[in-house]
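So the protein sequences, as listed, match chains A and B.
When the letters of the first sequence are read in order and numbered with the working numbering, they come out as residues 1 to 78.
When the letters of the second sequence are read in order and numbered with the working numbering, they come out as residues 1 to 381.
Simulated from the structure, these hints should not be mistaken for lab results.
Just so you know, even glycine gets a beta-carbon here, dropped at the ideal spot from N, CA and C.
Take the hints with a grain of salt, since some may be wrong.
If the Cβ cut is set under 7 Å, some of the chain B residues that face chain A in the computed set are [claimed, not checked]:
#: 1; residue: P17
#: 2; residue: T121
#: 3; residue: R259
#: 4; residue: L272
#: 5; residue: I274
#: 6; residue: A276
#: 7; residue: G370
#: 8; residue: T378
Listed next, the in silico DMTMM-like pairs over lysine to aspartate or glutamate satisfying Cα-Cα at most 25 Å (straight line) [what the hints assert, rightly or not]:
#: 9; chain 1: B; residue 1: K218; chain 2: B; residue 2: D169
#: 10; chain 1: B; residue 1: K7; chain 2: A; residue 2: E60
#: 11; chain 1: A; residue 1: K16; chain 2: B; residue 2: E135
#: 12; chain 1: A; residue 1: K50; chain 2: B; residue 2: D248
#: 13; chain 1: B; residue 1: K7; chain 2: A; residue 2: D4
#: 14; chain 1: B; residue 1: K182; chain 2: B; residue 2: E112
#: 15; chain 1: B; residue 1: K326; chain 2: A; residue 2: E21
#: 16; chain 1: B; residue 1: K215; chain 2: B; residue 2: E161
#: 17; chain 1: A; residue 1: K13; chain 2: B; residue 2: D248
#: 18; chain 1: B; residue 1: K104; chain 2: B; residue 2: D216
#: 19; chain 1: B; residue 1: K182; chain 2: B; residue 2: E236
#: 20; chain 1: B; residue 1: K340; chain 2: B; residue 2: D352
#: 21; chain 1: B; residue 1: K287; chain 2: A; residue 2: E21
#: 22; chain 1: B; residue 1: K315; chain 2: A; residue 2: E60
#: 23; chain 1: B; residue 1: K220; chain 2: B; residue 2: D172
#: 24; chain 1: B; residue 1: K223; chain 2: A; residue 2: D28
#: 25; chain 1: A; residue 1: K34; chain 2: A; residue 2: D4
#: 26; chain 1: A; residue 1: K30; chain 2: B; residue 2: E144
#: 27; chain 1: B; residue 1: K211; chain 2: B; residue 2: E236
#: 28; chain 1: B; residue 1: K52; chain 2: A; residue 2: D19
#: 29; chain 1: B; residue 1: K247; chain 2: A; residue 2: D77
#: 30; chain 1: A; residue 1: K62; chain 2: B; residue 2: E112
#: 31; chain 1: A; residue 1: K7; chain 2: B; residue 2: E254
#: 32; chain 1: A; residue 1: K7; chain 2: B; residue 2: E151
#: 33; chain 1: B; residue 1: K270; chain 2: A; residue 2: D4
#: 34; chain 1: A; residue 1: K58; chain 2: B; residue 2: D14
#: 35; chain 1: A; residue 1: K38; chain 2: B; residue 2: D283
#: 36; chain 1: B; residue 1: K178; chain 2: B; residue 2: E124
#: 37; chain 1: A; residue 1: K13; chain 2: B; residue 2: D283
#: 38; chain 1: A; residue 1: K34; chain 2: B; residue 2: D306
#: 39; chain 1: A; residue 1: K62; chain 2: B; residue 2: E290
#: 40; chain 1: B; residue 1: K52; chain 2: A; residue 2: D27
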Amino acid sequence: MALDVNKHQLIPKHSKLTDAERKKFLDDYKIDVKSLPKILIDDAAIITLKPKAGDIIKIERKSETAGTSVYYRAVIDG
Amino acid sequence: MKADQEKLLNSYADRLPLSVLDEVRENVPATINKEKLQGVLDKCLIAYNNAKVHPGECVGLVAAESIGEPGTQMTLNTFHLAGVAEVQVTTGLPRIIEVFDARKAIKTPMMEIYLNKPYSTDVEKLRKFAATIKETKFEEFVSEYNLNIFEQTLTIKLNDELLKDNDLDIKDIHKIIKPKVKAFTIAIKDELIVFGLKGKQDEIKDLYTLKEKIKDVKIKGIKGLVQVLPVKRGEEYVVLTAGSNLKDVLALSEVDSTRTISNDIHEIYKVLGIEAARQGIIDEVYKVVESQGLNVNIRHVMLVADLMVANGTVKGVTRYGVVSEKASVLARASFETPLKHLFNAALEGEVDNLTSVVENVMINQPVPIGTGLPGLITKMK
Chain A
1 MALDVNKHQL
11 IPKHSKLTDA
21 ERKKFLDDYK
31 IDVKSLPKIL
41 IDDAAIITLK
51 PKAGDIIKIE
61 RKSETAGTSV
71 YYRAVIDG
Chain B
1 MKADQEKLLN
11 SYADRLPLSV
21 LDEVRENVPA
31 TINKEKLQGV
41 LDKCLIAYNN
51 AKVHPGECVG
61 LVAAESIGEP
71 GTQMTLNTFH
81 LAGVAEVQVT
91 TGLPRIIEVF
101 DARKAIKTPM
111 MEIYLNKPYS
121 TDVEKLRKFA
131 ATIKETKFEE
141 FVSEYNLNIF
151 EQTLTIKLND
161 ELLKDNDLDI
171 KDIHKIIKPK
181 VKAFTIAIKD
191 ELIVFGLKGK
201 QDEIKDLYTL
211 KEKIKDVKIK
221 GIKGLVQVLP
231 VKRGEEYVVL
241 TAGSNLKDVL
251 ALSEVDSTRT
261 ISNDIHEIYK
271 VLGIEAARQG
281 IIDEVYKVVE
291 SQGLNVNIRH
301 VMLVADLMVA
311 NGTVKGVTRY
321 GVVSEKASVL
331 ARASFETPLK
341 HLFNAALEGE
351 VDNLTSVVEN
361 VMINQPVPIG
371 TGLPGLITKM
381 K
């Protein structure tokens, strides 16, 4: 049975940056994709996004201290 | 609040965290004019920027102290302390160590299963459901084993009452057992299950090993859930379990798959992904900290959790986990098993760039934290 785990309360919202957003993000933060925290390509939470290695995943965490905090992870091949 | 003011608030969204903006929105009077709101927000921004961690602050060290110092106050002998008549859970320091080490096999795996209506409110339905998910082995239904040496058969008598309680009869058991014992004959005779040998060379010893083997055959339920306990949580009922199998439980239609959780970090990681694992680590550690009446700021726990999940998998704070990822040989050697690290580094011709703290302490240089971090550039004229 295909279970949609993304509705689970432990999982924050994951979304894939488009090419334009990706470029803007890397320029804004003056950062290399390699220096970002990683997420595996077969991670349960991003399977529906159909990511490729090198994509950047934007994660909107619900944070106890900051309301919502935004985090980025780069997709890597297992 | 008027649209203008709302717009002004939202223009601060990239500089102030949402929780601060929400607080401002709630606490300023609705009639506030734009200039005053601007003033409030600017004051907030100054206070927020002053409260930020300064560049070069050694946050990891502060986190270690802040978690470690109250940790010494924790009662050490809480290995199996639990609530009243609830499933036994590891708490206290042993549990914190377990989570931060990211142990693969934890001492007391546990799940909290939330249910959909009507199961969450109807006690009868809940009990039935709880009984169906409990892992029940063949052994529990048996009332008597009989190993007959002359006829070379193993006869098993089942407990009829237990079978009835579980809505099973001897034919169901026969059906479940049959595919597991291909090397033997199996038949039902006068409410008894009879196993016989196939072929003649087999020894009676095989029947004995068979007996031990079929004890462990799962008759019904979900693998791993060795104990189930329905309890009331506020308005609804939840099922606590000893043993954990998140994947199979979430797939059940009775289960509320948005709230059901396990306390096994690796299982959360496998089923729900790395971000859920991070949240799981924070929740689990903070639960212990709170239950011991200690006061640790959650940001410290968040920092450690972030470090543990930074490379996409869950790594414990051990020499096999996050420490093995350190760039510096000397830093790794200073943690545990120094010789191993130094020998390997020598073999591979590793270079240490001395960019972190430990290695600079070793060679008596200023460490790159605080005022030691920035370099100075002078323009020569």
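Handout entry: Structure-inconsistent hints, enumerated in ascending order
Key = 2, 7, 8, 11, 13, 14, 15, 19, 21, 24, 25, 26, 27, 28, 32, 36
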